[in-house]
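Starting from the given sequences, assemble the full structure and let the hints guide the process.
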Amino acid sequence: MAPLEPQKKVLVSREFLSTAHGRNSCESCHGGDSARMNKAAAHKGMDPFPSITSPQKSCGSCKDMRAVKHREIAATAKDSLHATLSTFPEILKSRANMGKWKTIDQARKNHCSACHTSCGGCHVSRPKFAQKGFIQGHMFKKRPDSLNQCTACHGSRVGNEFFGQRGRGDVHASKGMECFNCHKAEEMHAAAAKDLKGRYHLKETVQCTDCHKNLKNGGVRSHATHVGKVQCQVCHSQTYVNCYSCHVGKDGEGRAFFQNRREVETMKIGLNYDNKAPGAGYQYMLVRHVPAYPEMFEFYGKDLFTNFGNVPTWKRTSPHNIQRRTWQAANCNHCHGNRGLFLASADLLDYEKKANQKVIVPDGSLPKAVANIKKLDIDTTRVRNGMVVNARWLHDNFRQKNLVVIDARDRSAYDKGHIEGAVSFDPLMSGLRAGPGAEKPFVLVDHKKVAEVLGKKGIAATDHVVVYDQNGAMAAALLSLLQWAGATHVSYLNGGMEGWHHAGFHSSTKPYTRGERLFNGTVKRELVADSATVARLLKTRSAVVIDSRLIDRVLGKTKHELASRAGAIPGSINIPFGAFYMENGFLKSPAELLWMLKTYGITPGKTVITTCDTGLAASDAFFILRYLGFPDVRVHEEAWVVWSKTRKIGIKRP
Amino acid sequence: MKRGQRLCYIAIAALVGLLAGGLFPAVALAAEQSSCLTCHLYESMLVKNRSVATPNVSAMQSGSG
Chain A
504 MAPLEPQKKV LVSREFLSTA HGRNSCESCH GGDSARMNKA AAHKGMDPFP
554 SITSPQKSCG SCKDMRAVKH REIAATAKDS LHATLSTFPE ILKSRANMGK
604 WKTIDQARKN HCSACHTSCG GCHVSRPKFA QKGFIQGHMF KKRPDSLNQC
654 TACHGSRVGN EFFGQRGRGD VHASKGMECF NCHKAEEMHA AAAKDLKGRY
704 HLKETVQCTD CHKNLKNGGV RSHATHVGKV QCQVCHSQTY VNCYSCHVGK
754 DGEGRAFFQN RREVETMKIG LNYDNKAPGA GYQYMLVRHV PAYPEMFEFY
804 GKDLFTNFGN VPTWKRTSPH NIQRRTWQAA NCNHCHGNRG LFLASADLLD
854 YEKKANQKVI VPDGSLPKAV ANIKKLDIDT TRVRNGMVVN ARWLHDNFRQ
904 KNLVVIDARD RSAYDKGHIE GAVSFDPLMS GLRAGPGAEK PFVLVDHKKV
954 AEVLGKKGIA ATDHVVVYDQ NGAMAAALLS LLQWAGATHV SYLNGGMEGW
1004 HHAGFHSSTK PYTRGERLFN GTVKRELVAD SATVARLLKT RSAVVIDSRL
1054 IDRVLGKTKH ELASRAGAIP GSINIPFGAF YMENGFLKSP AELLWMLKTY
1104 GITPGKTVIT TCDTGLAASD AFFILRYLGF PDVRVHEEAW VVWSKTRKIG
1154 IKRP
Chain B
4 MKRGQRLCYI AIAALVGLLA GGLFPAVALA AEQSSCLTCH LYESMLVKNR
54 SVATPNVSAM QSGSG
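From first to last, the protein sequence lines stand for chains A and B. For the first sequence, the tail end lands on 1157 under the working numbering, and the numbers increase by one without skipping. For the second sequence, the tail end lands on 68 under the working numbering, and the numbers increase by one without skipping.
There could be a bad hint or two in this list.
[Unchecked claim] Far from chain A, by Cβ distances over 12 Å, these chain B residues were calculated:
| id | residue |
| --- | --- |
| 1 | Gln-8 |
| 2 | Arg-9 |
| 3 | Tyr-12 |
| 4 | Ile-15 |
| 5 | Met-63 |
| 6 | Gly-66 |
[Stated by the list, open to error] Pair ranges (Cβ atoms, derived):
| id | chain 1 | residue 1 | chain 2 | residue 2 | range |
| --- | --- | --- | --- | --- | --- |
| 7 | A | Pro-1014 | B | Gly-66 | 27 to 35 Å |
| 8 | B | Tyr-45 | A | Arg-765 | 44 to 52 Å |
| 9 | A | Gly-867 | B | Gly-66 | 36 to 44 Å |
| 10 | A | Ser-564 | B | Gly-66 | 33 to 41 Å |
[Stated by the list, open to error] Residues on chain A that point at chain B, a partial pick, calculated with CB under 8 Å:
| id | residue |
| --- | --- |
| 11 | Pro-509 |
| 12 | Ser-528 |
| 13 | Ser-537 |
| 14 | Arg-539 |
| 15 | Met-540 |
| 16 | Gly-548 |
| 17 | Gly-563 |
| 18 | Ser-564 |
| 19 | Cys-565 |
| 20 | Gln-634 |
| 21 | Ser-659 |
| 22 | Asp-754 |
| 23 | Arg-758 |
| 24 | Phe-761 |
| 25 | Gln-762 |
| 26 | Asn-763 |
No wet-lab data here; the hints were simulated from the structure. Positions of the beta carbon are idealized from the N, C-alpha and C atoms, including for glycine.
As structure tokens, then:
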């Protein structure tokens, strides 16, 4: 989420003035001197965030009779987890060398306490961590805005999972639900006990079973055997990100930061080491690797966490990417007997072996494979395996004749370090698509021009072109374009730069270029569909349209800045980008991807058109479908930005 | 009560009434009449008066939960 421009952050709407809060004087909440006409004098003593300073003295002290609830809420909300982050010091203490607590606490205050919020951060403006700014001209909103407030802070995990930046997104999001539909005021405003062991111990915390009642005796056979023994998310979550080795420091301008050294998308089931938490009597639960590590505050001092082994680093998690049908639950033996899905000693790093002894699942506790279970009927014989290569293959075949390696990240990332011998080629900056001011923004320019650009980069249509980036988005878009332009042999480097490093190979900062060549490819126009074709095929039900945008776009909650309106092509199926590419550009197995598509009724026998806002994410989905062996896949190049301008059909979903 | 005294009370009551009548809308419309809104209702005024703010979040910062 981009920060607001400074003036927009504090722009009050006229609508606000006619609300109950707008009838109070500005000073009554913020102080300052409203009689003064110069900025410095008027702002003297002014508190821009009165509810952070003191919820009780601001919102909780309102004399208006209608605000009686405010007083009750402020009395508990001042001690809520959002306001105090009280579990942070508790957990740090349990790992700490208490003789150095002052140092640890100073680091905590500098780097870990920016996330807290109070009344205003949920009901008026973006929280401080999200760089502030009114949501709607200082209007007070009874319910927080999921996009601008909740996920402005809970973004990189929860927000990305919920809206489909990572995985297929959450079924609750697809149904139009907001954060507050599950996380109600009682939970948000609840006072946390000072010695609360962790956030899941808050008795007001929402449980799946608050809505999904009587599961054990319902119609789902798996529920009868699993409810109470297995956390709901074990069966209903998708893969999620695990963070490693957080370290803190200050940048060149003295601003504090924290940074994870590695993030990995995976899924692990652990033993429940904390079954005293409300509703957590089960034996197995999903566990996420938290970024804590013994040297995380080394910037401040040495030997700060001498009791690091006291608390697990694989902790209970509740990913926000719930789906009714998931790969691990698609077949009993995807889970039962699948050692790789359960946390093992081998998954632990040296510094965390002691910490996770209660979490790892010993072989004896592994659910046994179920006999006589029929395997899923997934045909992987059509998969074009050569379209994806791994780091080891690339390393071993680097000197192969006609092999061209392309780094599709932006130039600054290339300059910081790239695979030695790779050519920098940022598809966004190479004139391959029309500009934002064009009549049809972002559509591909004509083939002659594209061939010219490719030739100048030293690529010929008959070369074997391997492309990589950071997360798949640019690499796959470029690979799709190469296929359209007539390249005959293209491959995606699985895992991109991260995969290369993880395999133990080095990078270089030495730029590399290739001599100009004649591209000489024959354009494959059948790989692209215009809007008229998309509309015609949809009308005759001759094609499936995959919309690979995020869920909030498809629901019409947000729109691309160049789109005329929010919405989606009627009849399209939303499968967000994150369903196709994992964190850092790794791909799930072809069998899993084919199964996932099948759950939407999308099988290789169908004509598939991929669409998005600008054609970019659509190209990414296109590449995966081609890799999986779909014979008739086309990119809707004109995409929503053009469709919304030129065609009347297109709905704004609830 | 002397006539002059009565007139005096009436005059004071009238004055209090006038003052109260004048003050009431001022209280009711306090936010609207605040000098704060001389700027905060108008984007152009905010642009004109804004100070140079340095970003308070480091570019090296990882995302949060």
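Can you name, in rising order, the numbers of the hints this structure does not satisfy?
-> Numbers 5, 6, 16, 17, 18 and 19 - these are the hints that the structure violates, sorted from lowest upward.
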